[in-house]
Every structure is written in structure tokens, then in C-alpha cells.
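With chain A held as given, fit chain B onto it using these hints.
The chain contents come next:
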Amino acid sequence: GAGVSQTPSNKVTEKGKYVELRCDPISGHTALYWYRQSLGQGPEFLIYFQGTGAADDSGLPNDRFFAVRPEGSVSTLKIQRTERGDSAVYLCASSLAQGAFEQFFGPGTRLTVL
Amino acid sequence: TQLLEQSPQFLSIQEGENLTVYCNSSSVFSSLQWYRQEPGEGPVLLVTVVTGGEVKKLKRLTFQFGDARKDSSLHITAAQPGDTGLYLCAGVRAGNNRKLIWGLGTSLAVNP
Chain A
1 GAGVSQTPSN KVTEKGKYVE LRCDPISGHT ALYWYRQSLG QGPEFLIYFQ
51 GTGAADDSGL PNDRFFAVRP EGSVSTLKIQ RTERGDSAVY LCASSLAQGA
101 FEQFFGPGTR LTVL
Chain B
1 TQLLEQSPQF LSIQEGENLT VYCNSSSVFS SLQWYRQEPG EGPVLLVTVV
51 TGGEVKKLKR LTFQFGDARK DSSLHITAAQ PGDTGLYLCA GVRAGNNRKL
101 IWGLGTSLAV NP
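Chains A and B are the protein sequences, given in the same order.
So in the numbering used here, spot 76 of the first sequence is number 76, and the numbers just go up one at a time.
So in the numbering used here, spot 15 of the second sequence is number 15, and the numbers just go up one at a time.
So that you can see chain A by itself, here it is in the shape it has in the complex (with noise of 0.2 angstroms):
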């Protein structure tokens, strides 16, 4: 497809378990976001890649959450021992290396913790 796509697009689980998220960015673009999101807020930062590599991963809350991008394009947040405070929608965007870092996202994926 075209645009940056994210699966899956709800996903519900139980306090404790893990979870994966999976982003698939715009073809060409190195820059690769992830971001959480609460209801009615902006995006809030988790961590960057350029290509393979996290470049930025300070906002990641704690130790629990980690990501990975072993190709340099689908990239896997994954986040351990959930907690009900990790429910939110978990963005994803993607850019090219130049320019004025336009980000474009993808829809999002619903994480609910019960």
C-alpha cells in the first residue's frame, strides 16, 4: 500500500501479558516514529529510527517497553507485563531522511488492558 500501515488495529489483553505491535512504513522512508496517544492529546514521543537503529528512545516510559527494526523497515514495539496505564492508541509514522521531517502516520492500533 501506499500510506503506513499498522497492525493489528484493536487489541485487547490481559494486565501482565505481553503484547507486539507491528508498523510497516511508506516504502523509501529511513525515519520510522513511534508514538502513544490518549484520548483527545497530542502524540506522545516513545522513540525514533534511522534505519536500523533506534537513534532517539527517550520517551520510552521504563524497561518494559522495546522496539525493534532489524531491516530497516517493519518495525515491532513490543511491550512486556502489561499494565492497565499502557491502554492507549500506540502510533506509528514514517519520513524521509531530508526535508522538513513531515511525518505521515498510520491509523493506530487500540491497545486495551483489562
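Derived by calculation from the structure, the hints in this document are not laboratory data.
Treat the hints with care, since some could be wrong.
What the hints assert, rightly or not - Quick list of the computed label-pair ranges, beta carbon to beta carbon:
| no. | chain 1 | residue 1 | chain 2 | residue 2 | range |
| --- | --- | --- | --- | --- | --- |
| 1 | B | V50 | A | E14 | 43 to 51 angstroms |
| 2 | B | Y22 | A | L39 | 17 to 25 angstroms |
| 3 | B | P39 | A | N62 | 22 to 30 angstroms |
| 4 | B | K56 | A | P8 | 30 to 38 angstroms |
| 5 | A | G53 | B | S30 | 20 to 28 angstroms |
| 6 | A | E83 | B | T77 | 17 to 25 angstroms |
| 7 | B | A94 | A | R22 | 31 to 39 angstroms |
| 8 | B | E17 | A | D63 | 26 to 34 angstroms |
| 9 | A | T30 | B | P81 | 37 to 45 angstroms |
Claimed, not checked - Chain B regions said to be covered by chain A (calculated; three or more residues, Cβ under 8 angstroms):
| no. | stretch |
| --- | --- |
| 10 | 44 to 52 |
| 11 | 72 to 85 |
As the list claims (entries may be wrong) - Computed from the model, here is a short list of chain A residues facing chain B with C-beta under 8 angstroms:
| no. | residue |
| --- | --- |
| 12 | G40 |
| 13 | Q41 |
| 14 | D56 |
| 15 | D63 |
| 16 | F65 |
| 17 | Q103 |
| 18 | G108 |
Ideal placement from N, C-alpha and C gives every residue a C-beta, glycine not left out.
Okay, now just chain B, sitting in the frame of chain A:
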């Protein structure tokens, strides 16, 4: 401390009215972007401004970047119900890395 302050946080107006949303900071930005987000979807880029004093128009939407590149505004003329959504500003700070700094958003409701 919120680096980008957006105001108002909520706005409910009647169809046909005009409105302005503000995005302010004490920091200088090398570029600033405006996004619009609808429920269940990711933010969609509306415009990017990069030059101090720049004005861009997108149909009934007018975007302005402050002369000092510390603030921006979005003005909507003759609002329509289809303009309803969350409007977000985001910017890249001058001399900083590529991480976007986000405002908290303005939730706009245009009533028929």
C-alpha cells in the same frame, strides 16, 4: 513544561463562523507543522512552514509562522461541520535533532 502551547484546548462553534487556533513557544523552531486528526485515525499533515513570517493557504485554512519562528496560527474561515477534528501543531526546534515537539491539540467541533 509544555514546549508548544496550543490554545484553545476546546472550541465549539456554529457553521459559518471563523476561528483561530494558536501555537506558542519560547523556543525557536526551524519548521512547524499542522496536522488534523479524526477519531480512529492517525494525524494527517496539513502544512509545513519553515520561514519566519510565512503565510500558507489551503482553501479556507490560513497558516502563519511568526517572524521569530516561535509561534504559529491556524485560521479557518466559514467553518463547516467537516472541519471537526483535533488540530495539532508540531515543530522541530532549531539546532536540535529531528524529534518533533507536539502541542496537546485543539479539539474543534463545528455544529450545523
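Here's how the hints hold up against the structure:
The supplied range of 43 to 51 angstroms is met by V50 of chain B and E14 of chain A, whose beta-carbon atoms lie about 47 angstroms from each other. The hint said 17 to 25 angstroms for the Cβ distance between Y22 of chain B and L39 of chain A, and at roughly 22 angstroms that hint holds. Checked against the given bound of 22 to 30 angstroms, the beta carbons of P39 of chain B and N62 of chain A, roughly 29 angstroms apart, stay inside it. Between K56 of chain B and P8 of chain A the beta carbons are some 37 angstroms apart, a value that agrees with the proposed interval 30 to 38 angstroms.
Range check, G53 of chain A to S30 of chain B: about 23 angstroms between beta-carbon atoms, so the 20 to 28 angstroms window is met. Range check, E83 of chain A to T77 of chain B: Cβ separation about 45 angstroms, and the 17 to 25 angstroms hint is violated. At about 34 angstroms, the CB distance of A94 of chain B to R22 of chain A agrees with the hint of 31 to 39 angstroms. Taking 26 to 34 angstroms as the suggested C-beta distance range, the pair E17 of chain B and D63 of chain A does not conform, at roughly 49 angstroms.
The beta-carbon spacing between T30 of chain A and P81 of chain B, approximately 39 angstroms, falls within the hinted interval of 37 to 45 angstroms. Coverage of a stretch by a chain is defined here by at least three residues with a beta carbon nearer than 8 angstroms to that chain's beta carbons; for the stretch 44 to 52 of chain B and chain A the count is 4, and the condition holds. With 0 residues having a Cβ less than 8 angstroms from any Cβ of chain A, the stretch 72 to 85 of chain B misses the three-residue criterion, and the hint is violated. A cut of 8 angstroms between beta carbons decides the hint on G40 of chain A: the least distance to chain B is about 6 angstroms, and the hint holds.
Proximity of Q41 of chain A to chain B holds as hinted, the smallest CB-CB distance being about 6 angstroms (cut-off 8 angstroms). A hinted interface residue such as D56 of chain A counts as satisfied when its beta carbon comes closer than 8 angstroms to some beta carbon of chain B; here the least separation is about 6 angstroms, so the hint holds. Interface hint status for D63 of chain A: violated, as the beta-carbon distance to the closest one in chain B is roughly 21 angstroms, over 8 angstroms. Because the smallest distance between the Cβ of F65 of chain A and any Cβ of chain B comes to about 17 angstroms, over 8 angstroms, the interface hint for this residue is violated.
The interface hint given for Q103 of chain A is met, as the beta carbon of that residue sits about 7 angstroms from the closest beta carbon of chain B, less than 8 angstroms. Satisfaction of the interface hint for G108 of chain A is found here, the shortest Cβ-Cβ separation to chain B being roughly 5 angstroms, below the 8 angstroms cut-off.
Comparing the model with each earlier hint shows violations of hints 6, 8, 11, 15, 16; every other hint is respected.
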